[in-house]
Structure formats: C-alpha cells, structure tokens
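Peer 1: As a plain string of letters, each chain reads:
Protein chains: 2
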Amino acid sequence: MSEVISKASAAKQAATVLNRLTAQEKNEGLLLMADALIAEQDRILKANEEDLARGRDNGTSPSLLDRLRLTPARLQDIADAVKMIVGLPDPVGDLLESIERPNGLKIEKRRVPIGVIGIIYEARPNVTVDAATLCLKSGNSVVLRGGSAALSSNRSIISVLREALSRSAIPADSLQLIEDSGRGSVDEMLKLNGLLDVIIPRGGASLIQNVVQNATVPVIETGAGVCHTYVENTADYAMAEAISLNAKAQRPSVCNSMETLLLQESFARAHLAKLSETFREAKVELKGCDIVRELVAWANPATEQDFATEYNDYILNVKVVKDLDEALSHIARFGTKHSECIVTEDAINAERFLQEIDAAAVYHNASTRFTDGFEFGFGAEIGISTQKLHARGPMGLPALTSTKYRVVGTGQIRS
Amino acid sequence: MSEVISKASAAKQAATVLNRLTAQEKNEGLLLMADALIAEQDRILKANEEDLARGRDNGTSPSLLDRLRLTPARLQDIADAVKMIVGLPDPVGDLLESIERPNGLKIEKRRVPIGVIGIIYEARPNVTVDAATLCLKSGNSVVLRGGSAALSSNRSIISVLREALSRSAIPADSLQLIEDSGRGSVDEMLKLNGLLDVIIPRGGASLIQNVVQNATVPVIETGAGVCHTYVENTADYAMAEAISLNAKAQRPSVCNSMETLLLQESFARAHLAKLSETFREAKVELKGCDIVRELVAWANPATEQDFATEYNDYILNVKVVKDLDEALSHIARFGTKHSECIVTEDAINAERFLQEIDAAAVYHNASTRFTDGFEFGFGAEIGISTQKLHARGPMGLPALTSTKYRVVGTGQIRS
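Chains as they are written, first to last, in the UniProt record's numbering: chain G, 1 to 415; chain V, 1 to 415.
So that you can see chain G by itself, here it is in the shape it has in the complex:
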C-alpha cells in the first residue's frame, strides 16, 4: 500500500471519531497543539534550519528563503493563530433548515464535517499549522502534501502536533503529512475518490491549474485575481485616489490587489496627471491605453496580454473608458471573477455594477483589498474561492462543512 493510500485510509478512519467530538473536546486538542509548538520549538527550528541550509545550497532566492524561515517570534504568531481559531464558534451541528411536513415528518438540515480534506500547497510551513487547525476545528481529518523545500520543517511540525493530539480526544491519525515529495504523490491524491472528500490547492497558478485539470476528487479552487477598479466622472477625487492607491500598492503580491484601473474619460482628463504622480511616488509602473499615454508621458503602452495579466507587482494597467457599459465589458472579458470595484457617487450606476459584475466580491467605494476572511469578520480563512460551487469568496470555517438531512418520523411511509 502506498504512503498516500495508507495515510488517507487512516485519516478516513479517524474522521469517524472526530465527527462525534464536541466543540470543547476539539478545542482542548487544538490548545495542546498550540502549546506544543512553543514547548517543542527547538526541534522545529532545528528542522527548519535543515530546510534553509538545503535551500541555500540549491540557490533558493532570499525572498523564498524568508517565506520558508521560522523563528521563535514566527512560531509564537503561528501558535497564537491556533488559539484564535479555538475561540471561533464551531460550525458543526448548526441548524440550517427546519421543516415539518404535513405527514408529520420532522426534517432538519444541519452542518456536518466534510470528512477528509486534502491540502496541496507550497513551501510555507505556517500553512501546515493553519490548514491543520482549520480542518480539525471543523471536524475534518486532513491529509497535507506540502512542498519538498519545507519537508523537514513540516515533518517536525506534524510530529509535534500529532504527539499533542495523542494526549487529546482528537485521534492523532486525523492529521497526516505526505512525505513523498515526488510528483507521483500529488497525482495519487488527485484521483483518491472514496478516501479524500475534497482537495484544496493553495499556491501559485500552476499548482492550482494542475489540481483543477487533473483531479477527479472534488476541488475547491482558490485562484488568480485580475481585479479592477472603475472610477466614474462623478467620483470624489480624494476617495478615488485613496482607494486605487490602496488597491494597487498596499500589498501588490496578493490576489485581491488591483491590476487594472479603468477611468471614465472626463475623470481621466481632469485628474490623471495628478493621480499618476501619486502612483509614481509609490513606485508603481503605469501601462496605459492611447489616451492615458497622451495624459501621462512616462506611461508605457498596455497590450491585450497586459490586461489579462495578474502582475502581483508594482505595475498597473490604466485604461480610459467611455462609460459603465464599456467598463463592464472590459471586466467581463479580462476579470477572473475575484474582486471588482466601482468608485462613483451615482447610486444607479453603483447598483448596476454590483448587480451585473460576475465576481466573488463586488465593491462600491471601497478597496478590493478587503476580500479576506479576517476583513469580512470570519476570524479565519482557508483561502479565497474563485469558483462558484460550494463556497465563493473568502472561506471561513463553514466552508469546510457539508450538510446532512436528519428526518424523524413516527412510522411514515410513502404512498
């Protein structure tokens, strides 16, 4: 039996126990995990040092090494994040519908754990703890398959967490790490119908597309964001400047940052000279359509390909549009259904934008950077779904649950 099958089978078995635990029993196990991360930090940091040394030998870039690095302070943050999840309400058991039928049948629809969740991700060891905690809190077993660059760290973390769980009601087998870092172990997980109930990929576009294209297990896609901000002539200039600068430059590397700014023509002619200076001060490179380049001498030309690109960087496309309809068409063509914003004082156009844009989150007069489980008040986030089924947008704990109909009768039969 392969490592993947044997660990997924153990996780499935453990899920039947986990499914029955109370919120308190689960929280006690999670708190032991948080404490163990601190108590056993020397082991974890030593293992992390092995990954870092191997990374340096392999010529890994400083920014990737930084994402891989654990420190006592970072471990404390990770442990604190576990404790914060402990404080969130347990979605399992929530009553979603209650129906009493004319024949007397009482039907309840309640949240239940999904079962076994597979997570395929890249080299950030904090994801290991975060994903494990969210899955266990919502009553699910989890099979983690992290990147090879973090294998020593992940192995050490999972060993520490499983030891902690063995002193709790949560079965240690609820938490599994696939250590085979070959491509074959991912391929095997993608086809593991019957043992894995869902796979959530977390990482770059190529990792996600490999999962989406090849999995027969259901997938929750957390995808790319080519997000737009459309500013109308009626917009307040200061608000438009603040929102567009925030959406682009507050943290360009994330999926909810803006890639393209659409400006209605009079607004552009009145304000783009000034607005472009604001972006220049923030070290944002501009790529523009012809009118933009007429107004901003230093802007480079924007190609069709640019409009389709998620830069995740200090680069911004700017395009002048005639009206709302042209903005809607541009977004329908180039958007990735993630987060889209209109800045306007025109309530009718705002409502049309909110209604007609097909995206997980649509904004009127606020930065797209708010598309985030914490900013939405969920207290946690397993990712931002860009698909339309099951969960869309920031996913908190309820996104990690399924439902069950409980039907109680007194002998009813169907006629």
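The set of hints was computed from the structure by calculation and includes no laboratory data.
Since this is a predicted model, take the numbers as computed values, not measurements.
Incorrect hints may have been included.
Note that the list lumps identical chains together, so a pair holds whenever it fits in one copy or between two copies.
[Unchecked claim] List time: in silico DSSO-like cross-link candidates among lysine-lysine, alpha-carbon distance up to 30 Å:
1. K274 - K322
2. K322 - K283
3. K46 - K83
4. K106 - K83
5. K322 - K106
6. K46 - K274
7. K283 - K83
Given chain G's structure and the hints, the job is docking chain V onto it.
Peer 2: Leaving out everything else, chain V in the frame of chain G:
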C-alpha cells in the same frame, strides 16, 4: 467552431441578460413555454414518433420505449410541472448574510445564478423540459446534451421552447440543445471550463461515472443508492414491517429504495418468519446471511458482492447483526451515503444513528423513500446529490445558485 463551443458561448452571453431579469420576467417566459408545449403538441408528438419508430427498428426494449414515449396526457403533465415551478419562489437575490464591520463596510451575501449549467442525460424527453425550466427559473442558461434515442423529440421540444422564449424577456439563447449525439460532444462539454460553470449528469451509473472521472468542469454528482434499514429489538413490529416493505417494494427502481435490511438478532428470531412472508407476497426475493437462511428456508445466500449491489429491483439482502455498532460498520462499509434508516424505540440509539451515519439523509422511524425534493417540500428537484460539496441530498432551486458578496463603503481602504 464546434457546435458545443458555439452553443455554450451563446448560452454564456445570454446568461448575462438572464442574470438581470426579475422573477416576474422569468415567470412570464416560463409560462409561455408551458403554453407552447400544448399549442405545438402535434409537432412534438410527430417528432417523438420518429424516435419511437427508430427505437423499434433498433430493437429497443418495451420499457425503454415507454420511457421515451410522449402522449398528449404526458405533455400536459410536463406543462403542468413547468407551471408548478413558476409558482415557486425565485431564490436569486436572497439575502444569506448581512455583516456590518467596525470600519463601516456593509457586506451582504446574496444568492446569484451560477451562470451556465450543462446537463448530460439519457433518453427521457421530460427531463429536457424539467431541467430547462429549473435552470431558467434560477437565472441560469442551460446546455442540454440528451441521449441520441430521443434526439428528434428533444430537437422539437427545444425548438418549441426557444420560439416561446423569443416572445419573452428570457433570451432564446439561454436554452441550448447539443444535437451532435457522438461521444465526442460529451467529452468536449466535460472540459469546457470558462464556458460551462457546472455539469449535472442525470442517468445511470456509467453515465455518471464517466462525467465524474473525466470532467474538469465542476460536477454535481447524483449517484447511486445502496440504502439500508436497520431494525432494533425495541422496534414496533408493525412499524418495522410497514417501513421496510415501503422502502423496498413501493418503487424498487429508484435510488432511495432499500437494498439491505439489517435486523438485530432477537427481532429477527421473533419476527423474520412473519416478515419474510410479507416480502414473499410482495414478490421480493430474499438473500440472507446464515442466521436468516436458518429462519427463512427459501432465502438465497447473500454474498459480499450482493451487499454492495444497487439492485433497483424486487431483491433484498437481509442480514442479522448483533447491535447498533455492527449495523453502523456494515453501513459504513457498503452504504453509498445516500439514505439510511433506523427503526427503534430507543432514543439514545436513534440519536447515535442519526449522528454517526455519514449520508445525505438519515431517518429514524420513516421510510428512506422520502429522500426527494417534492417529499421534502422543495416543490421541485433537479436531482439528489450524493456528493458532499455545494449541495447534498435532494436539490431544489437554491442548489442551482451561487453567491456573491456585495460590499458597500464610503471610501474605506485597508491599513
């Protein structure tokens, strides 16, 4: 451009219009569809006669021919079903969550159409109308790919329905029929990410498994039912007999009928002789474990394979179990997570069963035959989901929707 791509593209374009229609505008279009099915029944029945003639020439079985056959009365039933769906509430726009954040952001989570739904199904022309109506009512375009045996009927029905829609606010292009009945058109649909948002297969196990195994488009699986009824020693005999007979024999061909009856030992020893006579009168063949065969001389032996089989027929496995734990293990091993029932007067065991069984619907003292959108009071059903994501169990109109977060601010930016 292939037929599939060109029709799916037209459906996607139409979905942007459909998305904005009011419930009343959609209902007006659906009522025109219902009327047209009656007004144009001669055309439809003539086309149906072509399918029937071809079927007879090909040696199609009488029962399949009967499923294919349309009559004025059946068309009236189909039109009445459309009108019933018109009477159901429109789920689009429903407010699911309302959040006001400390920074003043107002966040609403509302139901929106999914977009374009692909339906792959077999040779029942009533499914053509039913699926089309449910998708349009919930604001979705639909691309139908029916079986070749019903192609003339489906082509005629879709032509009538599209003519009706052309007199309404619903774009006729919301409704598409793939006429290419080769396997290639199914394969093409399964990979049509970006044009189809979801595929719902409706039909036998091999059709569904082909879709699940090969689609890269998200799928809602409507699957097999190996359903159990477990009767404890404390059960009321008359209730246990009525429920188990109903679950097996009221309509054996459907997914929510029972395939295996589990009896606690004392109940079996006290009642199986009598109960088996009831099944014999209903022409149900019994297959049993050793104890069952000791108690019922005419029962055949039940193999492991039998316990895993969805008979959809007048055949029933009967097995004696020691207690609830053995019943739970058997169901965990052989069940398909569809519908499972316990008949007992023991409230504690009933609760354990409802809690621990992993299935779309779990029953205490009622027949599994109630797992059905109409019986649950949803007024419609696009299928019974046996997967855990998005929708589980009977799917009414809300299962055909996604959600969107609408965020309204006054200039908020993220710090």
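Peer 1: Could you run down the list of hints and mark each one as holding or not?
Peer 2: Verification of the supplied hints:
no. : hint        : verdict
1   : K274 - K322 : within (20 Å within a copy, 81 Å between copies)
2   : K322 - K283 : within (28 Å within a copy, 74 Å between copies)
3   : K46 - K83   : within (24 Å within a copy, 69 Å between copies)
4   : K106 - K83  : between (38 Å within a copy, 28 Å between copies)
5   : K322 - K106 : between (56 Å within a copy, 29 Å between copies)
6   : K46 - K274  : neither (52 Å within a copy, 70 Å between copies)
7   : K283 - K83  : neither (38 Å within a copy, 60 Å between copies)
Of the numbered hints listed earlier, those contradicted by the structure are 6 and 7.
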